[in-house]
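K.L.:
Here the protein sequences line up with chains A and B, keeping their order.
Number 121 in the working numbering belongs to position 95 of the first sequence; there are no gaps in the numbering.
Number 360 in the working numbering belongs to position 79 of the second sequence; there are no gaps in the numbering.
These aren't lab readings, by the way, just hints derived from the structure by calculation.
Nothing here was measured: the structure is a model prediction, and the numbers come from that model.
Where hints are given, some of them may not hold.
27 Å max Cα-Cα, derived DSSO-like pairs, lysine-lysine [as the list claims (entries may be wrong)]:
1) K323(B) / K337(B)
2) K37(A) / K323(B)
3) K323(B) / K83(A)
4) K348(B) / K337(B)
5) K37(A) / K96(A)
6) K96(A) / K79(A)
Over the 10 Å line for every Cβ pair with chain A, so calculated as not near, a few chain B residues [unchecked claim]:
7) G290
8) L292
9) S307
10) R341
11) L356
12) S365
13) G388
Chain A is nowhere near these chain B residues, computed Cβ spacing over 12 Å in every case [unchecked claim]:
14) N347
15) S350
16) R358
Every residue, glycine too, gets a C-beta built ideally from N, C-alpha and C.
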Amino acid sequence: DAGITQSPRHKVTETGTPVTLRCHQTENHRYMYWYRQDPGHGLRLIHYSYGVKDTDKGEVSDGYSVSRSKTEDFLLTLESATSSQTSVYFCAISESVVAGGRRETQYFGPGTRLLVL
Amino acid sequence: QKEVEQNSGPLSVPEGAIASLNCTYSDRVSQSFFWYRQYSGKSPELIMSIYSNGDKEDGRFTAQLNKASQYVSLLIRDSQPSDSATYLCAVNNAGGTSYGKLTFGQGTILTVHP
Numbered sequence: 027d028a029g030i031t032q033s034p035r036h037k038v039t040e041t042g043t044p045v046t047l048r049c050h051q052t053e054n055h056r057y058m059y060w061y062r063q064d065p066g067h068g069l070r071l072i073h074y075s076y077g078v079k080d081t082d083k084g085e086v087s088d089g090y091s092v093s094r095s096k097t098e099d100f101l102l103t104l105e106s107a108t109s110s111q112t113s114v115y116f117c118a119i120s121e122s123v124v125a126g127g128r129r130e131t132q133y134f135g136p137g138t139r140l141l142v143l
Numbered sequence: 282q283k284e285v286e287q288n289s290g291p292l293s294v295p296e297g298a299i300a301s302l303n304c305t306y307s308d309r310v311s312q313s314f315f316w317y318r319q320y321s322g323k324s325p326e327l328i329m330s331i332y333s334n335g336d337k338e339d340g341r342f343t344a345q346l347n348k349a350s351q352y353v354s355l356l357i358r359d360s361q362p363s364d365s366a367t368y369l370c371a372v373n374n375a376g377g378t379s380y381g382k383l384t385f386g387q388g389t390i391l392t393v394h395p
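Pulled out of the complex, with its shape left as it was, chain B reads as follows (with noise of 0.2 Å):
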């Protein structure tokens, strides 16, 4: 079983639409999670994190992290054309002495169309 993985994708929503991305992690120690955006040829970009179960909010976009099920999900309200991208889940391995590293899904490829 991988550590972090992904919903395989492609996702594709109109523009105007929801967009729900989810991920699941294997390790129970997690602690930190985030969500990179990823433009074709270019550098993850952070979009969000979260470290409680529950939701957090940041304009269009809400992560919501439910650690007893080893879950969290990535929704994009009011989908433009230009959150078209590869999202990738990331999970802080291990508390304590990680140094903070970092595990990272496969990404899913979102495609918003007009």
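Okay, chain A solo, but in the shape it has when bound (with noise of 0.2 Å):
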């Protein structure tokens, strides 16, 4: 998985509760990435980072939150967990970018699976 673990790998939590996802990566990649998978959305991004504290929002941002204090570690918190929320969640990271966007070849970590109740 290209140097990249993610925490937990399962978690099971209630309605209304605050959830973090770690993405750490022993790569030193500038640019990390957050994705959700479900069945018949295939995988959408969440928000991604281009360097420690520089992040924007992707398609599906509403009710995440994201943080990047090192260049390793990008976390990915749900506020308050709704059921909507219920998910296989993917962290990705990319080393480079150039002039027109190419050699942004991602590498997934192995997923975090989360179950809201």
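Could you fit the two chains together into a complex? Lean on the hints.
P.N.:
If you want it as structure tokens, here you go:
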């Protein structure tokens, strides 16, 4: 998994509870991404980071926040979990983006299965 | 219209046959195209990337890109049961400052039967 770990790997929580998922990389890559994967929707980008303290929203960011205080860690927080956030969450990293957006191959972590009851 | 669409599948082919997976995209300025393979319960793994029109071959895999038709495909020759997985097409949203954001298709489930 290209030096990417995610924790926890599985989590069951209750509606209204805050939840934080962690992505840790040992590759020193600049770019990090959080996706969720749901049947019928494929992989959808939640948030991404293009450097320490530099983050931006993806297509399904409502209800999620992120932080990146170190190159190696990218945290995804569900401030108040809802059942609609039950999903598999994947972190991804990429090394570089050159002019025109090329060379942005992304490598994925093992995923976190989250169940919100 | 979805930004990235894949043939819905599931696709079933016999062992040794050629599996053909197709993907169309809507954003004409897209520049980078990727195929990922995802086994059940696992994370996506990159198998091919392609940036220029034409064919790119890597072992049993061939990616084909036609930017004029906004079409990218993946051929798997001599399909093996171990190729059974979901195949995801991913497209770079746009050039310039996209920070490498990718848009994924829904995926096509491929089953290779002995």
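K.L.:
If a hint holds in the structure, say so; if it doesn't, say that too.
P.N.:
Here is how each hint holds up against the structure:
1. K323(B) / K337(B): Cα-Cα ~26 Å, so holds.
2. K37(A) / K323(B): holds, 16 Å
3. K323(B) / K83(A): Holds, at about 25 Å.
4. K348(B) / K337(B): Given that 27 Å is the threshold and the Cα spacing comes to 14 Å, the pair holds.
5. K37(A) / K96(A): It holds: about 24 Å lies between the C-alpha atoms, which stays within 27 Å.
6. K96(A) / K79(A): Measuring from Cα to Cα gives roughly 8 Å; hence the hint holds.
7. G290: G290(B) clear of chain A: closest Cβ-Cβ about 13 Å, beyond 10 Å.
8. L292: The assertion about L292(B) holds, with a minimum of 16 Å to chain A.
9. S307: holds, 14 Å
10. R341: holds, 20 Å
11. L356: holds, 20 Å
12. S365: Correct as stated: the minimum Cβ-Cβ distance to chain A is 18 Å, above 10 Å.
13. G388: Nearest chain A Cβ is 6 Å from G388(B), so the label is violated.
14. N347: At about 18 Å from chain A, N347(B) clears the 12 Å cut-off, so the statement holds.
15. S350: About 21 Å separates S350(B) from the closest Cβ of chain A, which puts it past 12 Å; holds.
16. R358: Since the minimum Cβ distance to chain A is about 23 Å, R358(B) lies beyond 12 Å and the statement holds.
Hint 13 from the list above is the single one not met by this structure.
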